[in-house]
Amino acid sequence: MEPTQNHFSLTTQLAKWQQTMAHGSLTSDDLTELTDHLTEEISSLQKAGLNDEEAWMVARQRIGQPVVIEAEFRKVNPDHLANRNLVMMFWGAIFFMTLQIVCFALPSIINSFFRPLDSRGFPSNLLSATDVRNMLYAEIAIIAVFVLAVVFKGNRIVAWFSEMIEKYYFVCCLLLLVASPFLISFNDMMVLNHLIHGMRSVYSPEIQTAGGVLSFVIYIPLIAFTVFYTLRYRSQDIRNIASFAGSINWQASLMLGILFKLVSLSTYSFFPVSILNTILPTIIFFFAGWLMGRSKRPWVNTLILHSPSLVLLPLALLPNSVGFGDMFNFLCKFVLPSAIGCTSSILLYRKTQLA
Amino acid sequence: MTTISKDLIAATSTPIILAVLNQGESYGYQIIQKVKEASNGHLQFSDGTLYPILRKLEDKGFIVSEWRIAENEKRRRYYNITEQGRDHFKNEQTSWNIMHQLIIQLWNQPKTILA
Numbered sequence: 007m008e009p010t011q012n013h014f015s016l017t018t019q020l021a022k023w024q025q026t027m028a029h030g031s032l033t034s035d036d037l038t039e040l041t042d043h044l045t046e047e048i049s050s051l052q053k054a055g056l057n058d059e060e061a062w063m064v065a066r067q068r069i070g071q072p073v074v075i076e077a078e079f080r081k082v083n084p085d086h087l088a089n090r091n092l093v094m095m096f097w098g099a100i101f102f103m104t105l106q107i108v109c110f111a112l113p114s115i116i117n118s119f120f121r122p123l124d125s126r127g128f129p130s131n132l133l134s135a136t137d138v139r140n141m142l143y144a145e146i147a148i149i150a151v152f153v154l155a156v157v158f159k160g161n162r163i164v165a166w167f168s169e170m171i172e173k174y175y176f177v178c179c180l181l182l183l184v185a186s187p188f189l190i191s192f193n194d195m196m197v198l199n200h201l202i203h204g205m206r207s208v209y210s211p212e213i214q215t216a217g218g219v220l221s222f223v224i225y226i227p228l229i230a231f232t233v234f235y236t237l238r239y240r241s242q243d244i245r246n247i248a249s250f251a252g253s254i255n256w257q258a259s260l261m262l263g264i265l266f267k268l269v270s271l272s273t274y275s276f277f278p279v280s281i282l283n284t285i286l287p288t289i290i291f292f293f294a295g296w297l298m299g300r301s302k303r304p305w306v307n308t309l310i311l312h313s314p315s316l317v318l319l320p321l322a323l324l325p326n327s328v329g330f331g332d333m334f335n336f337l338c339k340f341v342l343p344s345a346i347g348c349t350s351s352i353l354l355y356r357k358t359q360l361a
Numbered sequence: 044m045t046t047i048s049k050d051l052i053a054a055t056s057t058p059i060i061l062a063v064l065n066q067g068e069s070y071g072y073q074i075i076q077k078v079k080e081a082s083n084g085h086l087q088f089s090d091g092t093l094y095p096i097l098r099k100l101e102d103k104g105f106i107v108s109e110w111r112i113a114e115n116e117k118r119r120r121y122y123n124i125t126e127q128g129r130d131h132f133k134n135e136q137t138s139w140n141i142m143h144q145l146i147i148q149l150w151n152q153p154k155t156i157l158a
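Chains as they are written, first to last, in our numbering: chain F, 7 to 361; chain X, 44 to 158.
Simulated from the structure, these hints should not be mistaken for lab results.
These numbers were taken from a predicted model, which means no experiment stands behind them.
Just to be clear, a hint being listed does not mean it is correct.
Said to hold, decoys possible - Computed footprint of chain F on chain X, listed as stretches where at least three residues anywhere in the stretch have a Cβ under 8 Å from a Cβ of chain F:
(1) 116 to 127
(2) 144 to 150
As the list claims (entries may be wrong) - Capping the alpha-carbon separation at 20 Å, the derived lysine to any residue pairs in SDA-like fashion look like this:
(3) X:79 <-> F:71
(4) F:81 <-> X:98
(5) X:49 <-> F:86
(6) F:81 <-> X:53
(7) X:154 <-> X:140
Glycine included, every Cβ here is placed at the ideal spot set by N, Cα and C.
Required output: the full structure, derived from the provided sequences and hints.
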């Protein structure tokens with residue numbers, strides 16, 4: 007008779023168990039620790055003379071039913087499950103934005119290289135029927151790969167992604183923030199329409215500006231929420247905006263700096279030059295100051311918050327249509343409003359704390 | 044064998060874990076092994092439920108944890124008791140000694156005095 011042990015794979019059982027546990031309230035660190043416990047128990051039982059299957063049965067029994075462990079972990083990580091869903095939802099949206107670039111914007115941009123451009127920088131001819139058909143084939147292939155991946159490896163992908171987001175949260179958020187201007191501009195519907203349909207003449211500048219504001223209103227909060235929930239997923243202590251403010255360190259300050267500078271900068275591209283350009287960054291950085299004032303090292307964090315301005319310094323020297331024209335404009339219209347907004351907010355908070 | 048109730052295990056978990064860590068650094072599996080050995084098998088609980096208790100103790104500042112590479116080349120979380128934890132442990136020791144004495148005294152008193 008064949009021994010049953012041949013049909014039993016310890017690695018498979020362990021992987022299945024990990025998958026069951028990963029769907030609940032356990033963080034990836036919790037799961038690593040429990041897995042280490044289980045493997046230690048199994049190897050000590052094997053040393054005592056039990057075979058793989060017996061050792062597995064006893065070790066699983068001793069560590070406890072997944073439902074019992076899950077219930078205890080839910081008490082210490084009450085928000086983890088909801089957080090994971092939110093993180094997945096927001097990153098799903100970011101993934102969709104990226105997919106949109108790959109499927110629509112990228113082929114059009116590549117196409118534009120091979121066609122003569124008109125005076126406004128757009129390809130002079132529309133896409134041919136063959137171009138569109140080839141694009142369609144390529145996109146069907148991309149979608150098919152994704153569908154197959156989700157159907158056959160869905161659980162693995164979710165587990166891998168949630169582990170990666172937890173381990174490399176800082177890199178992921180920073181990459182997203184740095185890539186956000188590209189993500190937003192390529193996803194801008196007006197831009198997509200321009201590139202794909204060549205319908206540039208249909209839209210008046212007013213409608214184009216309105217379209218710009220629309221993407222500004224949708225995409226920037228989307229990116230901000232993605233970053234916030236990713237940080238919240240990583241640290242169980244961040245339950246609301248106030249406790250988030252309390253936990254702000256140099257990394258969070260840098261990310262907030264990039265985000266808020268991006269928001270202030272976009273007011274210049276979306277609104278015609280007006281007093282709004284000065285007022286909006288002041289308001290945005292007043293809120294930033296509200297956050298910094300509640301952090302442990304408000305002034306150091308504030309300096310880091312403003313550091314992305316240094317990267318944007320070349321904008322000061324670029325001509326008026328693209329940049330600020332000169333240093334004076336850059337300082338007065340971009341740096342100063344944010345500095346005033348931020349500092350006044352911190353000082354105001356300090357004053358109320360002292361009183 | 045007498046099985047100890049869940050409530051009593053829950054009430055004693057903090058002083059027991061602090062007592063083990065008071066002897067020196069340890070990790071989850073080792074803590075459980077030490078407790079089980081010391082209890083002569085009287086304590087029966089799901090091993091996995093130890094870890095949420097360790098999180099609670101860490102939140103309270105009684106213990107600190109650190110990830111290191113163990114001898115099996117894998118990441119392992121090691122726990123250490125803090126000064127605050129030691130103070131709390133001393134308080135717990137006093138409280139438990141008082142409770143122990145009280146129980147022993149009441150149990151050993153002749154029935155006539157109680158009546």
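Outcome of the hint check:
With 4 residues having a beta carbon nearer than 8 Å to a beta carbon of chain F, the segment 116 to 127 of chain X meets the requirement of three or more and the stated coverage holds. Chain F is given as covering the segment 144 to 150 of chain X, and this is violated because 0 residues of the stretch bring a CB closer than 8 Å to a CB of that chain, at least three being needed. Among the hinted pairs, residue 79 of chain X with residue 71 of chain F is consistent with the structure: their alpha-carbon atoms are about 19 Å apart, no more than 20 Å. Restraint check for residue 81 of chain F and residue 98 of chain X: the C-alpha separation of about 10 Å stays at or below 20 Å, so the hint holds.
Using a Cα cut-off of 20 Å, the hinted pair residue 49 of chain X and residue 86 of chain F is violated, with the two alpha carbons roughly 26 Å apart. Of the supplied pair hints, the one linking residue 81 of chain F and residue 53 of chain X holds, its CA atoms being roughly 14 Å apart against a limit of 20 Å. For the proposed pair residue 154 of chain X and residue 140 of chain X, the alpha carbon gap of about 24 Å is over 20 Å, so the pair is violated.
Violation of the numbered hints given earlier is confined to hints 2, 5, 7; the remaining hints are satisfied by the structure.
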